[in-house]
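**Student:** Sequence:
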Amino acid sequence: MRDEPMWRRYLRFFGANPTADVDDELRFHLEEKTSELMQQGLPRDAARAEAVRQFGDLKEFRRMCRQQRTQREHRMDRREYFAGWMQDLRYAARRLRSDVGFTAVAVLILALGIAASTTVFTIVHALVIRPLPFHEPDRLVWIANAGKGRDASDPSSITSRIGTLMSWRETTTSFEKLAGYNAFFGYFTYNFSRSGGTPERLNGMGVTDSFFETLGVQPVLGRLFTTEEYVANGRKAVLLSDGLWRRLFAANPAVIGATVSINDAPVVVAGVMPASFDFASTFTPGSKVDMWEPFPMNDTIDRNYGNILAIVGRLKPGVSLSAAQAEIDQATKTIKQLHPDRGSTYQGSLSTLREHVSGEVKRPLAVMSAAVGLLLLLMCVNLANLMLARTMSRQREMSVRVALGAGRLRVVRQLLTESLLLSAAGVLLSLPLAVGATAMVARLQGTRVPLLSQVEVNLWALLFSAVVGVFSGILFGLAPALSLFNGSLFETLKQAGRGTDGNNRQWTRKGLVATEVALASVLLIGAGLLMRSFVKLMEADRGFQSEHVLAVRVDPGGRYPAPEKLDAFFLSVREKIAAAPGIEAIGLTDALPFDRDRSWNLGALGKSYGPGEMPGGFVRMVSPGYFEAMRIPLIAGRRFNGGDIRGREPVIILNQSLARTLFGKGDAVGQMIAMGPPTGTRVVGVVKDVRHTSLEEEAGGEFYLVANQRSLTSLDVVVRTSLPPAAASAAIRQAVWTVDSTQPLGEFRLMDDLVARAASPRRFLLLLLGAFAGLALILASLGIYGVISYGVSQRGIEIGIRMALGAQPAHVQWNVLREALSLTAGGLLVGVSAALILTRLFAALLYEVKPADAATYGGIIGLLLAVSALAGYLPSRRAARIDPVVALRAD
1 MRDEPMWRRY LRFFGANPTA DVDDELRFHL EEKTSELMQQ GLPRDAARAE
51 AVRQFGDLKE FRRMCRQQRT QREHRMDRRE YFAGWMQDLR YAARRLRSDV
101 GFTAVAVLIL ALGIAASTTV FTIVHALVIR PLPFHEPDRL VWIANAGKGR
151 DASDPSSITS RIGTLMSWRE TTTSFEKLAG YNAFFGYFTY NFSRSGGTPE
201 RLNGMGVTDS FFETLGVQPV LGRLFTTEEY VANGRKAVLL SDGLWRRLFA
251 ANPAVIGATV SINDAPVVVA GVMPASFDFA STFTPGSKVD MWEPFPMNDT
301 IDRNYGNILA IVGRLKPGVS LSAAQAEIDQ ATKTIKQLHP DRGSTYQGSL
351 STLREHVSGE VKRPLAVMSA AVGLLLLLMC VNLANLMLAR TMSRQREMSV
401 RVALGAGRLR VVRQLLTESL LLSAAGVLLS LPLAVGATAM VARLQGTRVP
451 LLSQVEVNLW ALLFSAVVGV FSGILFGLAP ALSLFNGSLF ETLKQAGRGT
501 DGNNRQWTRK GLVATEVALA SVLLIGAGLL MRSFVKLMEA DRGFQSEHVL
551 AVRVDPGGRY PAPEKLDAFF LSVREKIAAA PGIEAIGLTD ALPFDRDRSW
601 NLGALGKSYG PGEMPGGFVR MVSPGYFEAM RIPLIAGRRF NGGDIRGREP
651 VIILNQSLAR TLFGKGDAVG QMIAMGPPTG TRVVGVVKDV RHTSLEEEAG
701 GEFYLVANQR SLTSLDVVVR TSLPPAAASA AIRQAVWTVD STQPLGEFRL
751 MDDLVARAAS PRRFLLLLLG AFAGLALILA SLGIYGVISY GVSQRGIEIG
801 IRMALGAQPA HVQWNVLREA LSLTAGGLLV GVSAALILTR LFAALLYEVK
851 PADAATYGGI IGLLLAVSAL AGYLPSRRAA RIDPVVALRA D
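When we follow our numbering, the leftmost residue of the sequence shown carries the number 1, and every step to the right adds one.
Just so you know, not all the hints are guaranteed correct.
[Claimed, not checked] Capping the alpha-carbon separation at 20 Å, the derived lysine to aspartate or glutamate pairs in DMTMM-like fashion look like this: (1) K316 - E355; (2) K333 - E170; (3) K59 - E31.
[Claimed, not checked] Using C-beta positions, here's what the derived DEER-type ranges look like: (4) E575 - R247: 31 to 37 Å; (5) L836 - G666: 45 to 51 Å; (6) A866 - L321: 49 to 55 Å.
Calculated directly from the structure, the hints in this document are not laboratory data. For every residue, glycine included, the Cβ atom is placed at its ideal position computed from N, Cα and C.
Working from the sequences, and respecting the hints, build out all of it.
**Tutor:** Okay, here's the thing in structure tokens:
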């Protein structure tokens, strides 16, 4: 083949044309062959025909050549394209290495922003996106009791009876399985003891038959419970959690089938559940479950316990939620007719298990996601400003490259390569930060946010980080890249020679700073509103004083079967603890505020109530001294005293709300309640309302009964003390063991910690949003400082001339400072307007604070103006110290 014509090589500048190249090549070879045949004596037409015949099928040959030539050209284009990118990459790396300060700041900003967004993504992924850790979780449903007068904050109101579950099993066909667990497991305690060891209290939960099969979970070792073990008073067995198995039994597989002592009774260890089965994190966040035991179901237990079960079902394949709901509705009507003794106000309400677990956190997660989105946008704007300033310092270089023939798109590609390389470095640095942040989130204890233990940086999180990095790199790289298209080449070279920027670029940078201030103000106002809400919530009157109060669960189990001996045990415990130094007050209760709840119906003696009209309230079994230890104010009557014992007249204390419900404005003290003996239970006092279910909700009806007028084996010892928690715990432990040296104690808990756990969802959101807002404030202040400082350096000659003509340093300083404040004011105008609209979207998360709270808005405006003044102060001082002679000599 002959060499390619020179004119063809020049045409390659405009792009390769494989078809024309092939046609030219074939034409050349045909002409050569024709000339050769003509030299052998053939006429031209005959020679031409013979040349074509020898070539064969010319069309097919042309097609094959074109195909091969096209493939070769594409391979060459790819190689050239790849070589060009590698060249850009190497050049970008050299440029970034030469400017270490800029590179370090940019990578750090990127790492913080990407780490924050990745952390939020891992939380959202674990709580909302990732399927629940069960077999085919989309078929799992939650069945709540949603009848007339039900209160969603009251477990007794939304749980169901054992008989209801058994009847639903018999009368429905939409479910593959129906099962439940004891929703009031916190009232039951399990004392584990072994020879030579310290007794320990465990947290256990009773589950009905087929519960684990409903969830689709199998033990990692051993077996599930047998039918015989679900029979009342049958063989006792337990399933251990993975954590308990490792902590108490050192992960010894030989424990399977062994007999251990729990509540002084022999119990068989049936199996160990997998580590992935984090029951508490899914169903009861903020609590701990060490083991599970069979919960028998029969009519006797149904009558004794009432509403006690939380019910979970697995739909059959192909059955929709609406169809199952319709069947439950019809089945419930039939059950009410067949069993009128169970009442008429219960009703099954179905929702997906995912919705039950994560439904309440969706709104806070949406706010958190929006906040991190604003933070990412702010980060990109800040970096775009930095990149734009850096590009302005390189404008002579860029202009010369364009003048020498480099296309502007080629230069844009170079700048985007630099921004993407920065993003890649930011992503790499963000990964350890995100891993550390998610590990901290996963280890949070005592929070009521579900599924936090499953938060982790997984493959999806890594992919998300990469996508955010690429998107951010393109976004903040566009501004400096597109600035190359503004203005003519001559003007750019002229400005570069003077060391100044064009007006368009100056306004672009100022506009970006104003945008940073606007975004930061939205984040700060949102965080400020949540902070104000949190402060008001923690200052709200809870009805008791949690400071310096310590509680511990004591459960003698079956050691004192006689009621008199049980009363004597708890009385001795109270006396021994009260005698310890530093103990100011002591009482007993079966349920602490913000810990566990149950409700009973009760009414005034002699008054009739219609179906569903019987008042109700949370019930507390307490001893004398409890109100003093908790400092719950007495409104009327008296508190419980030592004379309120078993065998005496049963007495009751009401809270204000229940007293008004039962007796209106009349005096409740001395009235009789239809409870206990036919003569009723006498009201001896009225105390202040106490918030028990949550910090946000006002207290509902509540009443207190004397603990030792009822046989309770498990009570919390509540102590008000002046001692540090560690010293008070030791004193309490010693006092209890003086009464019974083998008595296990539960975990010592501060009432302040229970209050903090009740506020944990708000605190969790506030901490993240506050961190984002703080980072936004730093970025905005850096942006203001960068623009003002760069402006002073660019206007050095102008400022020198002004000062040479008589301008005072103070006036020059004020002009520079005024520019910083004007940029902030413009951003605030936009940001505050946007915040007035956006904050209404999460008004439901605020407590006694309006979305347009003037104090919050005023504080944030003042904060941003102060930060702006501080950021502009240093450049303004530098401007005021410019020497006119030095500035003019530099010109």
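**Student:** Can you give the numbers of the hints that this structure goes against, from lowest to highest?
**Tutor:** none
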